[in-house]
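S.K.: Based on the sequences and whatever the hints tell you, model everything.
Single-letter residue listing:
There are 2 protein chains.
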Amino acid sequence: MLDAIIIGAGFSGLAAARILRQAGRSFLLLEARDRVGGRTHTRWLNTSQYLDVGGMWIGPTQDRMYALAREYGVEWYETYNQGQNILDLNQRIRTYKGLIPRMDVVSLINIDVVLKKLERLARNVDVRQPWAMPKAAQLDGQTLYDFTRRHCKTSDCFKVVRAGLETVFACELNEVSLLHALFYIRSGTNLNTLLSIQNGAQQHRLKGGMQTLAEKMAEPFRENLRLHHPVTRVVQNNQQIEVHGENFRFDAQRVIMAIPPPLISQIRFEPQLPLIKTQLLQKVSMGIVGKVMFVYEKPFWRETGFSGQVVADEHQPFQTFFDASPAGGEYGVLLAFCIANRARSFFALPEAERKSLALATTTRYFGPQAASPQHYADHCWADEPWSQGCYAGLYPTGAWTNFGHALAARTNRIHWAGTETSDIWYGYIEGAVRSGEREAHEVLQTLL
Amino acid sequence: MLDAIIIGAGFSGLAAARILRQAGRSFLLLEARDRVGGRTHTRWLNTSQYLDVGGMWIGPTQDRMYALAREYGVEWYETYNQGQNILDLNQRIRTYKGLIPRMDVVSLINIDVVLKKLERLARNVDVRQPWAMPKAAQLDGQTLYDFTRRHCKTSDCFKVVRAGLETVFACELNEVSLLHALFYIRSGTNLNTLLSIQNGAQQHRLKGGMQTLAEKMAEPFRENLRLHHPVTRVVQNNQQIEVHGENFRFDAQRVIMAIPPPLISQIRFEPQLPLIKTQLLQKVSMGIVGKVMFVYEKPFWRETGFSGQVVADEHQPFQTFFDASPAGGEYGVLLAFCIANRARSFFALPEAERKSLALATTTRYFGPQAASPQHYADHCWADEPWSQGCYAGLYPTGAWTNFGHALAARTNRIHWAGTETSDIWYGYIEGAVRSGEREAHEVLQTLL
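If you read the sequences in order, they're chains A and B.
In terms of the numbering used here, the first sequence is numbered consecutively and its last residue is 1268.
In terms of the numbering used here, the second sequence is numbered consecutively and its last residue is 1268.
There is no bait here: all hints are sound.
If you want a taste of the chain B side facing chain A, the calculated C-beta under 10 Å gives, among others: (1) R969; (2) Q1086; (3) Q1092; (4) T1098; (5) A1160.
It is worth saying that the hints were derived from the structure and are not from the lab.
Note that this is a predicted model, so its numbers are computed, not measured.
All residues carry an ideal CB built from backbone N, CA and C; glycine is no exception.
M.R.: Take a look at the structure:
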């Protein structure tokens, strides 16, 4: 019998496996896909060009990610962040430098007030128990939309705040509880951190792509890894826990679950999971984000003084653009985020139409050179059966106050990891790693 | 190859099967449980006493239910509705007659204003497209809690309205979108109808229990019914659709799905269901209701002038009580509804503690005679793996405006029934029947 079985080889499962390996414990790491990395994935276009189609950024206070990159010898580099930004508002393109868009001053002040207000509220959250903050019932009884609509006094203010927050949460603002939004902000330090490149969550990328790190982490325990092993049933009793799939069964003392919430509901548990966990699982839904990427011979926009960054209102197919070129700018990559309702519309189109709409959009922003990329790629994470969405699970209204931390609560021999169980950097790769390490340490305690 | 396969033998599946049978079509009706009836279930205590542990009431405008009862020769009778009601507020019991509780006049007027306001808003909903009503974005961006909290000016008003609405929706008020609540109200005619016995959704019960009707409906096509047949995979192509379970496979031209939303996510569909449907399925969660029942030799409370009806605030374990005795009052049944957070707390207790808490509560209301029932029974529908909750699926904020009727939309050879796909009497048995009949007729069209 094994000491432990880890289900899911995303960053959370890999981080857990690493700890068990170091402790000399016997374990298996089961993964449904044909690769490790989960919601991160680096796609190689040829031997020298790659795209990070999943999670790709790290930033200050994501200490575990920097430590792992250092340990495995993966270098990081600065996200390109110079030159003019673009604001596409009411079908009109405006360019501006720095953090302050070219808009009427009332809307500008309004934006500042709304974001500061959110920030101030978030500061009151204790991430270990968001339901205990002052006025938690009211905050969890309303949506982020409700809050934003009430505090944005001009329509332009609302449009800009909305596109920004949609990019942070990967959902429509009416799909998430205000309390969850505050928790999420606090969990990732503060709102400014989540929105920023410089000193923010988008500051750095890994050379060779995020999956390079995942692969290197998996390297020492390749023989413990089983790809193409989707789990269908988990049975626990006083002696052990059994993990079943279509053609396999493994037994262990402990299981660490490190998969996204909607996938948990697809596994049969015997005995059934506690009511409070299954009910919460019915409520947590995944965000929906598509990444739309354009590869060019060079990051040509830099030469004409553009940063590659865009914020666009709901008339446009994509909320935001970033420069996602590799470290030295050997070739150019523009990355557009297509989120929530915009993703549901865009990805309902056939590929040829998506491509032509995407090229028309990017050409509007960056001129005719943008019309002919070497390569076009788009990917909607909600289409992936083994993720069902990105970036993370979202708590609707009522979930935190009625269910608390039920998602993370241990159920006998099953330990629950995954970024959605992390108090710190919930929804980010850093949160995944922290949760995996946390549960691995807990398992080691029980094995002593 | 069969003409059709119906998945789920609740009222929706039975109603569909009935139509296909009448049209002389070949079909199978697959059911995971060992019985028909779905979220209705009549439990026989002995040869003469029964309890309706699931859905049990019908009322005016539920025309299909009355027509079916008539057709199958099942009689109905009036829910007992005379005498004093009880209001348990701030640990104090007050009795009153009729519809108006004994409370301070400000709270009474406030209750009236809040319910009328809800009612007025609901009147604007077009049930075929709730997302198109005036201010739909605002209404779907807030919760029923938010609305109720804002319009209830006294704490007693809030307590009473809350207990009433929790009983209607089977959830905490912060778990449901205001727009969904309005749709639900309109779908069941109006709020007064949903709250009332007389001329309302609780007016009538079936003699012999609700399952009597389900059984009689199933009788003519017993040979088409397969119990213990949970479906795990559905594969469709240009020629046909295959329905797989652990030890079976059936092929047909069409499938009618008639199961609760969370169970749909547990089936593997090939090709995958459209994104908009799978995403909505991640968001729709089931209400949670437990029925707590006390069987006595006689409905003794009637003799002392009580109706058996109670409304109790959040300090008490149950929201509401009703007299659920059989037609002639041959024996007495008190029924308590235990809903949402109260259910999550109550059903986390061991059975002996539940029973003693329940008896203490009912004794407080109806005196020492209530302390010694012949029989005690409680049942939490969220514990049933083949329902996962009751009464119905709930739309959180953002679901109606972002996803519309995606739940009911046909996907090639799969037709979607179940009460959650019904515009009329959504969440009620009537809605289940109507949806099953609607999809059966649609299937017949495609078979012609």
